[in-house]
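Asker: Here are the chains, one letter per residue:
4 protein chains.
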Amino acid sequence: MLSGDALDEMHRSYMNAPFNRLLGIEFGEYHDDGGVTLQLPLDDRHQNGAGVVHGGVMLTLADAAVSYGIARSVGGRCTTVEIKINYLRPVTGGVLTARSHLVRAGRRLVVARGEVHCEGKQVAEVLTTFALLD
Amino acid sequence: MLSGDALDEMHRSYMNAPFNRLLGIEFGEYHDDGGVTLQLPLDDRHQNGAGVVHGGVMLTLADAAVSYGIARSVGGRCTTVEIKINYLRPVTGGVLTARSHLVRAGRRLVVARGEVHCEGKQVAEVLTTFALLD
Amino acid sequence: MLSGDALDEMHRSYMNAPFNRLLGIEFGEYHDDGGVTLQLPLDDRHQNGAGVVHGGVMLTLADAAVSYGIARSVGGRCTTVEIKINYLRPVTGGVLTARSHLVRAGRRLVVARGEVHCEGKQVAEVLTTFALLD
Amino acid sequence: MLSGDALDEMHRSYMNAPFNRLLGIEFGEYHDDGGVTLQLPLDDRHQNGAGVVHGGVMLTLADAAVSYGIARSVGGRCTTVEIKINYLRPVTGGVLTARSHLVRAGRRLVVARGEVHCEGKQVAEVLTTFALLD
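Taken in order, these protein sequences are the chains called V, R, G and L. Convert by adding 78 to the 1-based position in the first sequence; the result is the number in our numbering. Convert by adding 78 to the 1-based position in the second sequence; the result is the number in our numbering. Convert by adding 78 to the 1-based position in the third sequence; the result is the number in our numbering. Convert by adding 78 to the 1-based position in the fourth sequence; the result is the number in our numbering.
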C-alpha cells in the first residue's frame, strides 16, 4: 500500500484534478483496508433540471474515490475500463461521501465497489473495472 | 413523440439544468427515430489528474442525452435507475457528442443505449435503465 | 421477512425451477440479514469450450440467490430488470456458493448485490436491479 | 477475421462446449461485419419458477454469441471480464437468437454488444468487456 511521499503525491494528483476541483470534491479519510473516502458538499450547481443532484455528480465522486483507493492499494495509476452505478434515492442537498472497496486486484485488471452516502443514507452503489497502467 | 411547446419546454429544462451548464453541455440535434444528440466542447476544466477527460464528464453527457431522448420519445419526465458506461479510448480534447438510442419503452421502465464520440471516433458506450415519473 | 409456510412455498418454487434443477442448484442457508446462500456442486457439464466453468453458470446461480433473497426479504415475487457480473477468477471445479445482499428495497424496484465463492475464494461479484411483481 | 480451418476449429469449440450443449445452443449464422448469431430452441427445461425463461439462459446464449463473435473477428481466444444484461420482455417459448456486435477491439480488451430476440421481438440487450488471451 502506498504511504509517505508517494501517497502525498497521489493525494495532490486527485485533489488538483481539474474536474474534481470544478465539482468541489474534497478528501475525506483513509481506511485501514486500503479504502478511501472522498466527499462533496452539495450546492445548486450540482442539480439537474428536476431540482435534484445530477447522477453525473455521484458517478464522478464514486469514480474518483474508487480510483484513488485502487491507486493507494495497488501502488500505481489506473484507468476506468467501465463503471456501473445504481441510484438508490434522489438527493437534494447535504454532503455526499463516496467510499471505495477493493474486490479483486489482478495483474492487469482491478474490480472494485463503491458506496455513496448522503446525510446518513446510502444513495448509490457502484461496481467497476479498472485497468492498471504500466 | 413530444413536439411544439412541450418539446421547447423540455429543451429549456435540459439546457438550463445547472450541472449541464456547469460542464458546458450544448444542444446538438434531434433525430427522426426520437434520439437526441448533445455536445460538449472540451477544455482544461474537464480533465482528471492524468491529463485526459474525466470519465464523469462522458457519463454526464451520455446520461443527459439518453434522458432527453427518452423524455422526448415517451413524452414525460424520467429518472436514471442505473447506468453502465464502457470507456473505449482516452480523450484529450475536441468536441464530445452523445447520441441516444431507445431500446425498449415499457409502461414504467425504459432501456436505452448511448454512444459518445469525439473527433470522429467512438469513445464510450452506455447501457442504462430509466424509470418513468408519473 | 417471509417465514413459515410462505417461506416453505418460496423454497419449493426456487428448488423446483426447471433451469435451476438442470444445473443442479441446491439450497445453502438462510442468513439473519435476510440473505440467502445457494450452492452448486460443479461437474463437467458446467464447462465452456476452454475447460473452465461457463460464466452463464455463475450468473444463473447468483441471479437465483439474489432473487430468492429479495423474495424472502420483501415477501413477494420479483423479476430481474438487469444484472451485471464481474468474473474475478477462472473456476475449474469444486462447489460454487452465491450469497445475496439487499442494498435498497423501494416500493417497486430493489437493488441487490451478490458474491460468488468457490473453494474459499471469491470468483464473481454481482450488482443487479429487480422489479417487484404486484 | 478468422476463416477456413481456424474458423472451423473455433466453431467446433463453441458447439462442443459442455454447457452450451446442455442448454441446446445451436449455430445460427455468420455476418459480414464479423458478428455471429447463435440460437436456442426453448423447452420446459429453460424455465424459472415463474414459468418463464430463466435470465441465465438468455445471458448464457448472449455471452456465447459475443464471445464467438470476438474470437472470430480478432482471431484468438477471449474470456469474459464482465457482462451486463437488460431483460426487456418475459419469454415463454419459441427460438431465442443472440447476435454479437463488436464495439471496440483494443490490444488487450474488447467491448461488445449483444441483442437477444425471440419470435421477432428483442428480449434482451447486453454490453460486455472481454480480455484477449495471449
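There's no promise every hint is true.
A few chain G residues facing chain R, derived, Cβ under 8 Å [what the hints assert, rightly or not]:
{"id": "1", "residue": "SER151"}
{"id": "2", "residue": "ARG155"}
{"id": "3", "residue": "GLU160"}
{"id": "4", "residue": "ARG185"}
{"id": "5", "residue": "LEU210"}
{"id": "6", "residue": "LEU211"}
Covered stretches of chain R (in silico footprint by chain V; criterion: 3 or more residues with CB under 8 Å from a CB of chain V, positions within the stretch not fixed) [claimed, not checked]:
{"id": "7", "stretch": "87 to 95"}
{"id": "8", "stretch": "102 to 114"}
{"id": "9", "stretch": "123 to 130"}
{"id": "10", "stretch": "164 to 175"}
In case anyone wonders, no lab produced these hints; they're calculated from the structure. Where is the CB? At the ideal position from N, CA and C, for every residue including glycine.
Asker: All the hints need checking, so say for each whether the structure fits it.
Answerer: Hint-by-hint comparison with the structure:
A hinted interface residue such as G/SER151 counts as satisfied when its beta carbon comes closer than 8 Å to some beta carbon of chain R; here the least separation is about 19 Å, so the hint is violated. A cut of 8 Å between beta carbons decides the hint on G/ARG155: the least distance to chain R is about 16 Å, and the hint is violated. This hint holds: G/GLU160 has a C-beta 6 Å from the nearest C-beta of chain R, less than the 8 Å allowed. Given hint, G/ARG185 at the interface with chain R, is violated; its Cβ is 11 Å from that chain's nearest Cβ, farther than 8 Å.
The criterion of a C-beta within 8 Å of any C-beta in chain R is not met by G/LEU210, whose closest approach is roughly 11 Å, and the hint is violated. With a least beta-carbon distance of about 12 Å to chain R, the hint placing G/LEU211 at the interface is violated under the 8 Å criterion. Remark: the stretch 87 to 95 of chain R is confirmed as covered by chain V, as 4 of its residues place a Cβ nearer than 8 Å to a Cβ of that chain, reaching the required three. With 0 residues bearing a CB less than 8 Å from a CB of chain V, the stretch 102 to 114 of chain R misses the requirement of three and the coverage assertion fails.
By the rule of at least three residues with a Cβ nearer than 8 Å to a Cβ of chain V, the coverage given for the stretch 123 to 130 of chain R holds, with 6 such residues. Against chain V, the stretch 164 to 175 of chain R contributes 3 residues with a C-beta closer than 8 Å to a partner C-beta. That satisfies the three-residue criterion, and the hint holds.
Violated hints, in rising order: 1, 2, 4, 5, 6, 8; the structure is consistent with all others.
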